[in-house]
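Participant: So the chains spell out like this:
There are 6 protein chains.
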Amino acid sequence: MSDYKAFNVVLADKVAHVVINRPEKVNAMNADFWREIIEIFRWVDDTDEVRAVVISGAGKHFSSGIDLMMLASLGSQMGPDVGRNAEKLRRKILELQASFNAVDNCRKPVLAAIQGYCLGGAIDLVSACDMRYATDDAQFSIKEIDIGMAADVGTLQRLPRIIGDGMMRELAFTGRTINGEEARSIGLVNRTYADADALLDGVMGIAREIASKSPVAIRGTKEMIRYMRDHRVDDGLEYIATWNAAMLQSADLRVAMTAHMSKQKPEFAD
Amino acid sequence: MSDYKAFNVVLADKVAHVVINRPEKVNAMNADFWREIIEIFRWVDDTDEVRAVVISGAGKHFSSGIDLMMLASLGSQMGPDVGRNAEKLRRKILELQASFNAVDNCRKPVLAAIQGYCLGGAIDLVSACDMRYATDDAQFSIKEIDIGMAADVGTLQRLPRIIGDGMMRELAFTGRTINGEEARSIGLVNRTYADADALLDGVMGIAREIASKSPVAIRGTKEMIRYMRDHRVDDGLEYIATWNAAMLQSADLRVAMTAHMSKQKPEFAD
Amino acid sequence: MSDYKAFNVVLADKVAHVVINRPEKVNAMNADFWREIIEIFRWVDDTDEVRAVVISGAGKHFSSGIDLMMLASLGSQMGPDVGRNAEKLRRKILELQASFNAVDNCRKPVLAAIQGYCLGGAIDLVSACDMRYATDDAQFSIKEIDIGMAADVGTLQRLPRIIGDGMMRELAFTGRTINGEEARSIGLVNRTYADADALLDGVMGIAREIASKSPVAIRGTKEMIRYMRDHRVDDGLEYIATWNAAMLQSADLRVAMTAHMSKQKPEFAD
Amino acid sequence: MSDYKAFNVVLADKVAHVVINRPEKVNAMNADFWREIIEIFRWVDDTDEVRAVVISGAGKHFSSGIDLMMLASLGSQMGPDVGRNAEKLRRKILELQASFNAVDNCRKPVLAAIQGYCLGGAIDLVSACDMRYATDDAQFSIKEIDIGMAADVGTLQRLPRIIGDGMMRELAFTGRTINGEEARSIGLVNRTYADADALLDGVMGIAREIASKSPVAIRGTKEMIRYMRDHRVDDGLEYIATWNAAMLQSADLRVAMTAHMSKQKPEFAD
Amino acid sequence: MSDYKAFNVVLADKVAHVVINRPEKVNAMNADFWREIIEIFRWVDDTDEVRAVVISGAGKHFSSGIDLMMLASLGSQMGPDVGRNAEKLRRKILELQASFNAVDNCRKPVLAAIQGYCLGGAIDLVSACDMRYATDDAQFSIKEIDIGMAADVGTLQRLPRIIGDGMMRELAFTGRTINGEEARSIGLVNRTYADADALLDGVMGIAREIASKSPVAIRGTKEMIRYMRDHRVDDGLEYIATWNAAMLQSADLRVAMTAHMSKQKPEFAD
Amino acid sequence: MSDYKAFNVVLADKVAHVVINRPEKVNAMNADFWREIIEIFRWVDDTDEVRAVVISGAGKHFSSGIDLMMLASLGSQMGPDVGRNAEKLRRKILELQASFNAVDNCRKPVLAAIQGYCLGGAIDLVSACDMRYATDDAQFSIKEIDIGMAADVGTLQRLPRIIGDGMMRELAFTGRTINGEEARSIGLVNRTYADADALLDGVMGIAREIASKSPVAIRGTKEMIRYMRDHRVDDGLEYIATWNAAMLQSADLRVAMTAHMSKQKPEFAD
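Protein chains in written order, with the numbering used here: chain A, 1 to 270; chain B, 1001 to 1270; chain C, 2001 to 2270; chain D, 3001 to 3270; chain E, 4001 to 4270; chain F, 5001 to 5270.
I should point out that these hints are in silico values taken from the structure, not numbers from a laboratory.
Treat the hints loosely; a few may be bogus.
To be verified - Once the Cα atoms are required to be at most 20 angstroms apart in a straight line, the calculated SDA-like pairs of lysine to any residue come out as:
{"id": "1", "chain 1": "C", "residue 1": "K2025", "chain 2": "B", "residue 2": "P1080"}
{"id": "2", "chain 1": "B", "residue 1": "K1005", "chain 2": "B", "residue 2": "E1039"}
{"id": "3", "chain 1": "D", "residue 1": "K3060", "chain 2": "D", "residue 2": "D3136"}
{"id": "4", "chain 1": "D", "residue 1": "K3092", "chain 2": "B", "residue 2": "H1260"}
{"id": "5", "chain 1": "F", "residue 1": "K5265", "chain 2": "E", "residue 2": "A4251"}
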């Protein structure tokens, strides 16, 4: 794999482990982070051997969100004309969003393993993942409200589909910190673990389980769930029918059926 | 009622009880099943006396999902041209989907009473019902992933509106089995019961309660909730206004108001 | 503030407290109510000093829903032609809906504090609020089904986005009464309190917390969450980028950042 | 082919010619018509040999629209309760719409050849066809307005996508009759012909041309255009990519390319 | 009728003639205009006797668009904070839009009779009408581009549904002036007339024709066409079925059928 | 500017002239073409000095569409598994689509100047431009149908919004060739010219006219029209209000107003 400044990436057992690797900065998201995450997920998409992804943070915390220096430098690029500044800001925001769209649109399942702080931009990031798991004492906060802005890289767009509408608004308006257990009870994370080691063990286990399934079936399943977030039931039914029109002609179905009959574990090509 | 091969259907107290009746095959969904369910729900829609439906499985289990023989026979119909096969498969899938659309679009509320296995296609079926109830020890699994395919008769389309997005993905990617209690905690079922008898008693009670309400009001309520699954709030408000423009001129409103004033139980025409 | 017949309105600490004030009628919603609530929320929108709203009911109950006298009087205005009656009813329903749309579209967060009865139209009302809080012994019921009609001023449109689909249908079909605790467990309310005093204290505290944040950021946050209820993720991302193109040029971001650096509490202009 | 009461159907040169065959009644659409048209288009969809459809009217006129006797008989089925009548009417209208949906959703291109009267329901019918051709002196009128109703089997839904919005409203509000030439100038028909013979010759020629193309490509093309009537450009792009993922593996592409290289006419399997 | 400053309104033969009445200012749209147009269309909607509306301009021109003084005064209300200015501007634009939404949403057909200048805001206005008619020498220009702004009260939103996409963009980007004849050829107006007198005569004739039809049918027809501008064909079909479920129970259908049988002109109640 | 293999690009008078430059291959779209067009439009978007774009073809023809060699090479990359091939094809098609999305999403207006052949993929390309102009004898054909496939890089998605639905289907099903004049009459091109020189002169003139307008206003106008192709009128109104909330604070409005008052030509910053 390439060398990254803000990340460390390891591939084993068909699972890519993507670690945010700036522990001395509480894994704050700097310019390297925003650029490299796109490259990493392009590599994930293009590499058949990768069948699932786990994303976690090095050190005590998952991430404290966007690097405030980077945010401040944005302000210094503003010129005298409000309209032209607006265009510049709009394009900059769209560019930052593209980094997390790369996670959301990734063809392989992405699991977030969250310990310690998961603040501001970090919530935007994990909202773009497929599933989220945390330690009991993880701390979540939609911190943007406390720096005087509406979150604009995905939290307000994706989180309402994941947690209940009423609690979504409370968390976004107040910036209140919740722990792993409350996060689980509102559906933000699927399960909590006693500590960071147990967390990583658990999440890696789920990822490996997913990696053992038919990759054709997993990708179809992800595409369909992603699609349903924004589309009607009737459109979704027509879409899966069109999708499976090709995919049911794949060998994987036969491999799985044969294994099923003979009570053996199937082996799927990448 | 007609004679069905895969079902047993009984109408009592204005509640139709639709029983999947192939216990020796764990109620696997064969060709009879897919065809007859459409006829049954057409009859439900056309019969004024039916005001609610309960669907359950004969024997120890609700259903093990699609009959694998039937799935295999699909494969044998494939010809040499990938494109023409794709068209054939696409139409076949749309045809199977139509069987569960008949449940989803039924004008009367449909309640599923689930004991034992509820696997693969059975999840697609109960996702198309209005409400789901289960025994504590029922077993749910999105089994399609283990036969190498993305579920294509409704689970991936309807279930994300019912349970949380994060757990939805975990269950669909891993095929993990959950019991009645976990199903309740994520919103998949509304309530669990100690055993199959208590379950059927409880669900029949709820169905009879619904059957005692104004059928005009029940149908309007179902139509509106179904509509909101796929439409905007403003469209929904306009739609109910147009709908009630006719329905508020029904006698049922007067019947209900009069009963309410006199503290008596109202009797509504079918 | 103006004098209202059905409400009492107080503004303190930048929080408007809107009290439904017909305790002798269990706060039933009469013609005054439907008209005045629009005026009140127009005032809220136009008054910079108001940064959050709490809505509650005077006396033992939140509200018993629409005034049945008012509903009955609607019937007496019907003429001989079904078509012309339908048009009249349709327009009347749209007019009533407008009263709760005013709550839903309000630019400032609206918190409902619910004790005692919250029945029929009262559920329509709280469904249009941002967050809901209740006493343990509050009683919720979608009562419309018992007067022979499908709810038509917002419950069936907004509540499915707030609570789970399966329980939504059960409550709407049966009119079953649930208490504060069950309401919390299905996401209808965010938290419960032991009694009405604790409830109002708690909710006022949350409202004041929200009122201390940047009003520009709060309004953007509310607009985005409201938008996402009905729009696609990609549309939402583009919308926030366009919105923040202007709003990130506001002084509030600087004020918040400066306060953050100096560990002080920021003071935002109205 | 089966025997039809309201139609005459002939298959030649892979083109099905569907003739409305009640010339003595100006081809008014009676109960037979509405039922048989569904059967005919199911046969068209299921018969590989049919690659295109031409629909025309026997005698001097295309069709005068819905049979007024049939409409009147609907009125006689109304009972005393406005609400229950409304449900009955709603279902009846949906049932009639299904007849023209069968035309709209047909997988093969449908061409209408229109001479003489094309009134009321006949406009609903031709709006559901892919293309329309007429004699110079054909007469079109959205006649429903003159029998005191809004057109409800497709004209108001499909025609605005075909002709300009401004002229659409004028024709729908006034019921004004336009001839073939004006119909062409607003895009309602693609071309006009001097008389009925020239019309049928011309339309049959276009249909045979279409029938000579790859049926896989034609069906994909129709599905995509149908889809775009109601969907976004980005959704359409994703849909065709998924569709062609299977269809580009068909032999037809090779057959066409080979023929193209050797300057010969390709022959495609049905 | 009330007294208006910017308009003159006359009701005759069930047609309301709304005249923009500031000829000495080329009928520029000032504050009175924007406020009064809402009142006028509320009156139109509430007055059963009004069945159609004609809107025209007093003097030589239809209108030169928004009053530039008014636009300039907006600028003078701006404060020092870009974010708060943005909110103020956004709300002001939404408020101006509401004036033309009142025209668009009016339940009765609105016909524009256009002579002389129809510039900038005047295009926004006529785009919100149902049909447009003009003199041969009328002059249309999307003038906003020449005052350095994107049109924001309806032209860019509504005109693309009326004229072709390619010409829409050319006119919006260049501000090029087109005359009545070119306007007709691209579908912007339905017909042109030699001079202002012929124009008004012609348009009044069409309006009276519309006013002679069943008002229930006309309103349903308008609602459906309006609905289809933004909705899918399948949604539109379901909506008209629900709408007509009530409206086909109106007496107008009977009145029209009886008149039709006896070859007499029907008389419909308001 | 960079050096391109398939293009020649010149910037003058703030208009970028992008010439497809493979005249010896009838400007067929090869791999260089698909890759470079993305780079070129990224440069257009990022270069403030570019305010409008003209795209044309070197030599006698605009373009004959996709290079058939390239298409054939796609086939040779197919493996033995239909499902995996389908995924590969789907991604390849999405990748090709991205090249024309870059044109469609470009922030500056793009004008196509078309002479000679405009076949297959060339129609997909010009459908993604803002406006189209042609010589009288240009030749347009949706050629894909003749190589046995449904067009999949934009024609079927974008063209139905530009030309009438009925003619759209005829051209797509038959592949019939139309000339410049017929293209104009159905709205495919805005204007025709006698020959290629007159064409380029004319189109450059329009482009320079657009380049002289406020770039802030032009970009807003394009964004709004693009948005309306896929969104509802009410969403469009809200979007322009949010957009203009920032843009009306630009200096351009003042510059334009001042110039307007003093009857001078305004000069806008890039």
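Participant: Indicate, hint by hint, whether the structure satisfies it.
Facilitator: Hints, one by one, checked against the model:
no., hint, result
1, K2025(C) <-> P1080(B), "76 angstroms, violated"
2, K1005(B) <-> E1039(B), "12 angstroms, holds"
3, K3060(D) <-> D3136(D), "13 angstroms, holds"
4, K3092(D) <-> H1260(B), "33 angstroms, violated"
5, K5265(F) <-> A4251(E), "62 angstroms, violated"
Consistency with the previously given hints fails for numbers 1, 4 and 5, ordered from lowest to highest.
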